[in-house]
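**Q** Let's have the full structure, built from the sequences with the hints guiding it.
Chains as they are written, first to last, in UniProt numbering: chain L, 1 to 483; chain Y, 1 to 483.
In case anyone wonders, no lab produced these hints; they're calculated from the structure.
Mixed in with the good hints there might be a few duds.
[Claimed, not checked] Some chain Y residues judged to face chain L by a derived CB distance under 7 Å, without partners named: (1) V42; (2) L46; (3) E259.
All C-beta atoms in this analysis are idealised placements derived from N, C-alpha and C, irrespective of residue type, glycine included.
Protein chains: 2
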Amino acid sequence: MAAHMTPEEFRRYGRQVVDWIADYQEKIGSYPVLSQARPGDVLASLPAHPPEKGEGFEAVLADLDRVVMPGITHWQHPSFFAYFPTGASGPSILGDLLSAGLGVQGMLWATSPACTELETRVLDWFAELLGLPDRFRSDGPGGGVIQDSASGAALAAVIAALHRADGGAAGRDGIARRHTLYVSSQTHSSLEKAARIAGIGAANVRVVGVDPVTLAMDPAHLDALLAEDAAAGALPVMVCATVGTTSTTAVDPVPAIGEVCRRHGVWLHVDAAYAGVAAVCPELRDVNDGVAEYADSYATNPHKWLLTNFDCTAMWVADRGPLVSALSILPEYLRNRASDSGEVIDYRDWQVPLGRRFRALKLWSVIRWYGAEGLREHVRTGVRLAAGLASRIAADPAFVLLEEPRLGLVCFRPRWDGLDGAEADRATLRVMERLNASGDLYLTHTKVGGRVLLRVAIGAAGTTDAHVDAAWRRIREETAALS
Amino acid sequence: MAAHMTPEEFRRYGRQVVDWIADYQEKIGSYPVLSQARPGDVLASLPAHPPEKGEGFEAVLADLDRVVMPGITHWQHPSFFAYFPTGASGPSILGDLLSAGLGVQGMLWATSPACTELETRVLDWFAELLGLPDRFRSDGPGGGVIQDSASGAALAAVIAALHRADGGAAGRDGIARRHTLYVSSQTHSSLEKAARIAGIGAANVRVVGVDPVTLAMDPAHLDALLAEDAAAGALPVMVCATVGTTSTTAVDPVPAIGEVCRRHGVWLHVDAAYAGVAAVCPELRDVNDGVAEYADSYATNPHKWLLTNFDCTAMWVADRGPLVSALSILPEYLRNRASDSGEVIDYRDWQVPLGRRFRALKLWSVIRWYGAEGLREHVRTGVRLAAGLASRIAADPAFVLLEEPRLGLVCFRPRWDGLDGAEADRATLRVMERLNASGDLYLTHTKVGGRVLLRVAIGAAGTTDAHVDAAWRRIREETAALS
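**A** So this is what it looks like as structure tokens:
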């Protein structure tokens, strides 16, 4: 019989791994944020062939430090300001560990009722915490579900919207006419990806204009495009409004967009991947204005700003009918009495994959550990730190601030007096690369109006004033060095 | 500041969770395999509203026993014989815990080089362990990637195949003509789901006939359908051959199917979700006959029979070009020097979602803990137990065995002398329901040739002769009780 790890061995190695993680948490600030590895470094330090005989778990732990850690970019580092944060926290890690330990697969209600019903309840809780509308709750025609990512949620929304728009014709017979999808230049790339995957095609993703200052979608232009496309015989499938764009956290005017969608009978998906969770704070709840009245589907990521480790996207639909109709197939080997009764939810019909992990455990652990108060406090810390950094940037004549941030992202650039636009952009990117190469902090960039901006996204659990102060000092140093 | 769990608290609660899981492993055999919960039971025992204040982790652990456990169907129970096994093992759980503890997001090489390069190396190892062809290795034009599920791999294969078939036209302009996909009646439902999602449509999933005894796809019928469809102006996108069907572990004749695909220039995807991993044993390697010569893409699930907890599907492509071309989009905020250099793999372009967890850690832990020897031994144990059960069924005049199993699944039914087909099927389902309701074991059913069969799938780490003996005794008891 294969040498399975015994429960006693699991206890021993499990403690070692827990201690290893706690040690890592204690010293994470001492690592360079961005991995200093060059392409191929990690690969070259791993054996070319798998072991013939088992090696024991000490060998794995030893290689973790020797091989893996030099190739880690530390997303939980308090000076990680790149992209958006990817949450993690003690309760989330332990919730995830419980999920792995139970090892259940919740494709159907019957294959672990708790995996389904805890998810249902936690998503109802989470809707309440964010002030989302009752029609997203599971006791009506809608409901919530955990998806792998905002990309997965966007694809699911497209599939549901398509099903509603054509009565299931494309799912049955294939796409046979031009279908269109509406985004702005600021919408996340996952929407174009979803359009390609769904057979709609990138060229039929219509790019609605944005306000040049706020970068918010122009509802009048959306209206005109929808009318034009319908008149030309296309089938408009879905509009995606964004609450907190990836580039700059711009917020599309959901109420006005929703009115347009309603008039044209088009599905409105709201992608609030980053910003939606900010609504745990009543004073930020207006980011979701219009969602209650108009959104057919909505997604936000506890795995970004809300202390839950990847993957955990919360998605709600106002009517689960089109989603389930589009994705449900019942082969004989999945038939069971509970599903046949219609009394239960089978979440496999709400997502692309069949199988599913027990992800509700980690979101449940996070909500219970922090409570609503603790979650609000975490978001407010990020908002306060971002505002503080922004005010220093605004006060410094060597820098240009894009705008006062409302959330945790600050966009800005060095002014570079005397350089033309292209020269200035190259200099800004050099500052970023020098900062990232130093290992002191990690930030990324975007482009607005053709100009490169630096992005500082604040939201890791360990980030404090001191880390933001140090980041600002280093940014000024590297900028001065190139001026 | 929000009350984050300190490293010291993480040590304390982490040990409690590790001990909780070890305790669970020790007593798992004492639980009813199938949850006895009725719809709504778990929901009703959870508070209607989220907590305002944080509750501490003891509260979560207490509710785990009180609320969650009664709603668990124990997939790791040694008497779990339903569906296919969903693997778990100590090293896998700990590898997953390391992934959660590191909390990195590996969408790009740069966002954690080790997350990408360890995956690359481990997939090369795994291809070697299974005797898969060199052209799947990452040092050529192909390569391996971890997907969330065989469903996700199937969708990715469809997208890549479509891209190759039409030069990217559908991804660009949308599907504008009839596209077709080829499966058999025994192919997993995820292929129809992928066809719906990809805009091909369920009606364009062509069902190739099967041999009535072996249930293997008929290559001559496939050939005829491909010719017919192409002559009618359709664009054949992909053929899916299955190695180990979900219903009965039938194996399609990949070499003959591959010849047909090659003649018609159609992408061949091999779905070996369950059976593919059996190839760790040289004596079972012929399940993958033809894969080396003909498969454009191939998927098998370590998270089924190979002791790795969900989700972990290993997928390989012979040429990564069409997959990456179909799924790659590069917005400014994801641009980085490493990606621009072309020297690195960005696995985000190999999958539907953008974000990705560090799943290679758990597969690496499993391979190193067990070694090739231990993995073979685990598969051989399942094969031996299945063969033993099958021989007893074959020797019992009250039962009909479908066929001698080569892998870990045994399909059979009570003979029910004197009952007509429909009556016999109802009686067989009643036996199954009584067995499942007893909590002693959990098995599921399928239909072959219009008749209900029971499925006993063996493969949990803890399953021994005693568990299979007990299952067989209980099956005979319940059958006798209804005879």
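**Q** Please go over all the hints and tell whether each is borne out by the structure.
**A** Hint check results:
A distance limit of 7 Å between C-beta atoms decides the matter here; for Y/V42 the minimum to chain L is near 4 Å, and the interface restraint holds. With its C-beta approaching chain L no nearer than about 5 Å, Y/L46 sits inside the 7 Å limit, and its interface hint holds. Contact between Y/E259 and chain L, as hinted, is not supported at the beta carbon level, the nearest pair being about 28 Å apart and thus beyond 7 Å.
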